[in-house]
Amino acid sequence: MSATRAEVCVTACAEAWRGDGEILAAAMGTCSILGARLARLTFEPGLLTTDGGALLTAEPVPIGAPAGPVEGWLPFRDHLWLVQNGRRHVMMGASQIDRYGNTNISAIGDRARPTSQLLGVRGAPGNTICNPTSYWIPRHSTRVFVPKADVVSGIGSDRAAGLGAHTSRFHDLRRVVTDLGVFDFGAPDGAMRLVSVHPGVQVGQVVAATGFDLAIDGDVPRTRWPSDEELRLIREVLDPRGLRDREVRT
Amino acid sequence: MTAEEVAASLESGMTVGIGGWGSRRKPMALVRAILRSPLEDLTIVSCGGPDVGLLCAAGKVRRVVAPFVTLDSVPLEPHFRAARQNGTVELTEYDEGMFMFGLLAAAHRLPFLPTRAGLGSDVMRINPELRTVRSPYGPAGVWYGAAGRGPEGGPGRDAGGDGDGDGDGDGDGAEDARGEGEELVAVPALTLDAALVHLERADARGNGRYLGPDPYLDDLFAKAAARTYLSCERLVDPGGLDGPPQTLLVSRMHVTGVVEAPGGAHFTAHSTEGGEHGRDEAFQRHYADSAADPEAWAVFADRFLSGDETAYRDAVRRWHEERVR
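The listed protein sequences correspond, in order, to chains A and B.
End of the first sequence = 250 in our numbering, gap-free, step of one.
End of the second sequence = 575 in our numbering, gap-free, step of one.
Everything labelled a hint here was simulated from the structure, so no lab data went into it.
There's no promise every hint is true.
Said to hold, decoys possible - Among chain A residues calculated to face chain B with C-beta under 7 Å, some are: (1) Arg111; (2) Leu119; (3) Arg122; (4) Ile129.
Said to hold, decoys possible - Non-contacting residues of chain A with respect to chain B, defined by C-beta distances greater than 12 Å in every case (computed): (5) Arg18; (6) Glu44; (7) Leu48; (8) Asp51; (9) Pro114; (10) Val152; (11) Ile155; (12) Ala191; (13) Arg193; (14) Asp213; (15) Asp219; (16) Arg222; (17) Ser227; (18) Val237; (19) Thr250.
Using N, Cα and C, we set each Cβ at its ideal position, and we do this for glycine too.
Let's have the full structure, built from the sequences with the hints guiding it.
Below is the structure:
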C-alpha cells in the first residue's frame, strides 16, 4: 500500500518512542498523538497513553474518542508530578526551534511587548530539564527553524551543557519529526542533524526550509514507509476520520 | 452570597487567583461580576483561559501570573494576545510545574519550594526576581535505600554525601560537581488575596465537590488565598453532597462565601451528572471571532456582557436558538 505524507509522519513520530518501555508517551498534535498510540499498538506495547485528558486508557483509543476502559488516572496535577518523576517521554510542538533544539512557544519579538503573544512557556521548561523530549513540527519552514529562539521555553543541548553534567543529567533531546524529515542532535557539538528525509523529499528542500546550518553526514537515508499493518491501524482504528490529513497535506 | 457581593468584597490592586484550567471549569459567573464592577489594577494568577481574556479586555488587569493562556480548542486567547501586544498587561510567566509549586508553597505557608523546572530556560531571564537554592545534602539527598546503593546504582552515600550536614560536600576534589548539593529553582509562594473557583456541587457551608475527571488546582488556590469564593452549579443542604468522598475537593474551612450559579462556568468545560464535558464550543468560537475585531467585540459585549448573569444566560440561549433556525 502507498502511504500519504501524513502517514509517514505518524510512523516517524511513533519511532520516537521505540525502546522506551513502560513510560507515559505524552503527545501534542495530531500526528504525534497518533504516533504514540500506534507505537503502543505495535512495537512498544508497554507505553502508557491517555484519552487526551485525565484518563490513562486500558487500550489506545481512536483520536478524539471516549476513553473506554481506563487503567489509571492522570489529572493535570499528577501529570506535573510525573514530569518530576521522569517516567515520561513528551513530544511537544514548537513555534521556533534553533540549531541546538532550544524552542519557543511563548512569544515572538520583544517580550515586554511581543509582536506575537503565543501560549506561554507551558510545561516546556520542566519537560526538557526532567524528561526525554522530542518535537513534532507539522510545517517545516525558516519561520520555525530559526537561528535563535526569541524566548527559550524548552531548553536545548547547548543550554543543558551550560548547566553542567549533573544538573542536566535528565535532559535528553531525542528527535525532531517534521513534514519533511527526521532530525536528532547527534552532531559533535550537540547541534541538529538530519537523520532521514521523507519519501519524495530532497535534502536540498530541507536545507532551504531550515534557517541555520544543519549537520548532514554523507548520504541521507529515506524515512521508512509505514507497514501494511501500521497503515491499517492508522486508517481503520486510530484515525478513521482522517484528521492527520488536516495537519499534513499530501 | 451573590456574584455581585463577591465582586463588591474585592478591592482594586488585589492579587486574585482564578481556578480551573484553560477553558475548563472557570468561575465565569464570578468573572462576569468583576467585569461589571469598578475593580481595576488586579494581578490575576491563573492557568489562563477566557477568564484572563475577558478581564484584560475590560481593562481590569495590571499583571497576569500564568504558565499559559489558552482557549484549548482555540489555541491562543485573542484578548490576552492583544493586551500583551499592545503592552497594556504585564506577564509573570512560569512553567506549569513551577506554577503549581508556587501555589503549593503558599497553601502550606512556605516561602518557596524547590524544583528543577525552569533551570536553563528563559523563565529565569524574564523573571529576574527568581532565585535558586542549593541543597544542603549530597546529590541524591540522604539515602535511606538498601545496602548503601544510591538511587542511580552508584555507591550512594559516597564522598560528601554522608548526610552529616557539615556542608563540605566538595571534600572529594575531583568529585566536587557530584558531591555538591544540587542547585534548584526556588519557586516563590503564590500567596493570594482572594481566590475564585467553580465546582459542580457545593453545600451552603462551603464544602465543594467536583464531578469531572480532573480537580485541576482548585483546592490549592483555595488554600493559597486569604479568602476563597466558591461558585457552584447546584447548591445543596449540608450533608447533601452525595458521591465518593475523595471528590470533596474544597473544605468549608478554606471557603469564605458560596454562590449558586447554574451555568456559572459557561462557556468553559464542566461536567454534569452524566460526566460529559460541557464546553460550549460554538459560543467559544463566537467569542474568539468577535474578540479578533474591535467592532465585532463591541457588538458581542453589548449583547452578552452589558446586563447581569440572568441577562447573559438569556442572551446565550437566544443566540443558540437563532443559530439552529
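Each hint, compared with the structure:
The interface hint given for Arg111 (chain A) holds, since its Cβ lies 6 Å from the closest Cβ of chain B, which is under the 7 Å cut-off. The interface hint given for Leu119 (chain A) holds, since its Cβ lies 5 Å from the closest Cβ of chain B, which is under the 7 Å cut-off. A hinted interface residue such as Arg122 (chain A) counts as satisfied when its beta carbon comes closer than 7 Å to some beta carbon of chain B; here the least separation is about 5 Å, so the hint holds. For Ile129 (chain A), the interface hint holds, since its Cβ comes within 7 Å of a Cβ in chain B; the closest pair sits about 5 Å apart.
Arg18 (chain A), annotated as away from the interface, keeps every beta carbon of chain B farther than 12 Å; the closest lies near 24 Å. With a cut of 12 Å on Cβ distances, Glu44 (chain A) stays outside the contact zone with chain B, its closest approach being about 24 Å. For Leu48 (chain A), the non-interface assignment is confirmed: its Cβ lies about 16 Å from the closest Cβ of chain B, beyond the 12 Å cut-off. Separation of Asp51 (chain A) from chain B is inadequate, the least Cβ-Cβ distance of about 9 Å not exceeding the 12 Å criterion.
Its beta-carbon lying about 6 Å from the closest one in chain B, Pro114 (chain A) breaks the requirement of being farther than 12 Å from that chain. Non-interface call for Val152 (chain A) relative to chain B: violated, since the shortest CB-CB distance, roughly 4 Å, does not exceed 12 Å. Residue placement check: Ile155 (chain A) does not keep its beta carbon more than 12 Å from all beta carbons of chain B (closest about 4 Å). Every Cβ of chain B is farther than 12 Å from the Cβ of Ala191 (chain A); the closest lies at roughly 17 Å, confirming the non-interface assignment.
A cut-off of 12 Å between C-beta atoms confirms that Arg193 (chain A) is not in contact with chain B; the least separation is 21 Å. Listed as a non-interface residue, Asp213 (chain A) keeps its Cβ farther than 12 Å from every Cβ of chain B; the least gap is roughly 23 Å. Every Cβ of chain B is farther than 12 Å from the Cβ of Asp219 (chain A); the closest lies at roughly 35 Å, confirming the non-interface assignment. Distance check for Arg222 (chain A) against chain B: the nearest CB is about 32 Å away, which clears 12 Å, and the non-interface claim stands.
Residue-level check passed: Ser227 (chain A) sits 33 Å from the nearest beta carbon of chain B, beyond 12 Å. Every C-beta of chain B lies more than 12 Å from that of Val237 (chain A), the closest at about 24 Å, which supports listing it as non-interface. Non-interface status of Thr250 (chain A) relative to chain B is upheld: no Cβ of that chain comes within 12 Å, the nearest being about 24 Å off.
Of the hints listed earlier, those the structure fails to meet are numbers 8, 9, 10, 11, in rising order.
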